[in-house]
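Novice: Sequence:
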Amino acid sequence: MGRAALEMIGQSGLGYSFDPLEEGAKPHPFSEATKAFRLVLSPRFRRWLLDHLPLKNLHAIRDIVDIWDHTTVKIFEGKKRAMAEGDEALAKQVGQAKDLMSILSNTFTFAATDTTSNALSRTLHLLAMNPEVQDRLREEVTQARKSNAGNIPYDDLVSLPFMDAVCRETLRL
Numbered sequence: 001m002g003r004a005a006l007e008m009i010g011q012s013g014l015g016y017s018f019d020p021l022e023e024g025a026k027p028h029p030f031s032e033a034t035k036a037f038r039l040v041l042s043p044r045f046r047r048w049l050l051d052h053l054p055l056k057n058l059h060a061i062r063d064i065v066d067i068w069d070h071t072t073v074k075i076f077e078g079k080k081r082a083m084a085e086g087d088e089a090l091a092k093q094v095g096q097a098k099d100l101m102s103i104l105s106n107t108f109t110f111a112a113t114d115t116t117s118n119a120l121s122r123t124l125h126l127l128a129m130n131p132e133v134q135d136r137l138r139e140e141v142t143q144a145r146k147s148n149a150g151n152i153p154y155d156d157l158v159s160l161p162f163m164d165a166v167c168r169e170t171l172r173l
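Counting from 1, one number per residue, gives the positions in the sequence shown under our numbering.
Careful, some of the hints might be misleading.
[As the list claims (entries may be wrong)] Computed cross-link-like contacts, SDA-like style, restricted to lysine to any residue with a CA-CA straight-line distance of at most 20 Å:
| id | residue 1 | residue 2 |
| --- | --- | --- |
| 1 | K146 | P161 |
| 2 | K146 | F162 |
| 3 | K26 | I9 |
| 4 | K35 | E7 |
| 5 | K56 | T72 |
| 6 | K35 | I67 |
| 7 | K56 | V40 |
| 8 | K35 | K79 |
[Stated by the list, open to error] Now the in silico label distances, taken between C-beta atoms and shown as ranges:
| id | residue 1 | residue 2 | range |
| --- | --- | --- | --- |
| 9 | V65 | K146 | 24 to 34 Å |
| 10 | Y154 | L50 | 14 to 24 Å |
| 11 | P20 | D63 | 34 to 44 Å |
| 12 | L53 | K146 | 18 to 28 Å |
| 13 | P20 | L58 | 37 to 47 Å |
Simulated from the structure, these hints should not be mistaken for laboratory data. All residues carry an ideal CB built from backbone N, CA and C; glycine is no exception.
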């Protein structure tokens with residue numbers, strides 16, 4: 001898990017700071033332990049283990065994760081290409097210059113972790129189930145875009161009060 005993702009989850013979900021995110025700061029022991037664990041059980045080893053353990057359910061999970069990975073990489077690469085081509089290509093792809101999912105993705109996506117994708121999925125699901133909240137969040141983001149000529153700087157994005165409340169409530173649930 002990346003330092004920023006761990007810090008965001010720690011502060012918003014647990015009210016605990018794992019890392020001040022300052023250059024040269026010593027990483028929190030939790031972060032170091034997570035990295036060490038990942039080195040011991042590398043993705044290549046985990047994949048080898050999945051492929052060679054004779055468990056049908058485990059193979060089914062592996063196949064599902066492969067589909068998720070293939071699909072999300074395809075979506076991400078398409079979005080990245082559209083963004084590289086400029087706002088017109090992006091607008092054509094999503095129907096407007098900046099969609100709410102892109103803005104929320106910028107809030108959550110600091111590291112490619114299951115926790116991040118789960119938080120983003122949960123947020124989008126809750127917004128879909130609560131259209132009045134979605135409308136209020138869209139209004140706040142739209143106003144922020146207007147006052148920043150269409151591009152919201154990170155510091156302004158994370159200081160949006162309703163956006164912050166939505167993110168914190170999603171992580172709380």
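Novice: Hints first: check each against the structure and report whether it holds.
Specialist: Hint check:
1. K146 to P161: Roughly 17 Å separates the two Cα atoms, so the pair holds.
2. K146 to F162: Holds, at about 17 Å.
3. K26 to I9: The given pair, whose Cα atoms are some 19 Å apart, holds under the 20 Å limit.
4. K35 to E7: holds (15 Å)
5. K56 to T72: Violated, at about 24 Å.
6. K35 to I67: violated (26 Å)
7. K56 to V40: Given pair K56, V40 is violated - Cα atoms ~25 Å apart, limit 20 Å.
8. K35 to K79: violated (29 Å)
9. V65 to K146: 24 to 34 Å: For V65 and K146 the Cβ distance comes to about 40 Å; the hint is violated.
10. Y154 to L50: 14 to 24 Å: violated (37 Å)
11. P20 to D63: 34 to 44 Å: For D63 against P20, whose Cβ atoms are near 41 Å apart, the range 34 to 44 Å holds.
12. L53 to K146: 18 to 28 Å: violated (54 Å)
13. P20 to L58: 37 to 47 Å: holds (40 Å)
This entry does not satisfy hints 5, 6, 7, 8, 9, 10, 12, going by the numbered hints stated previously.
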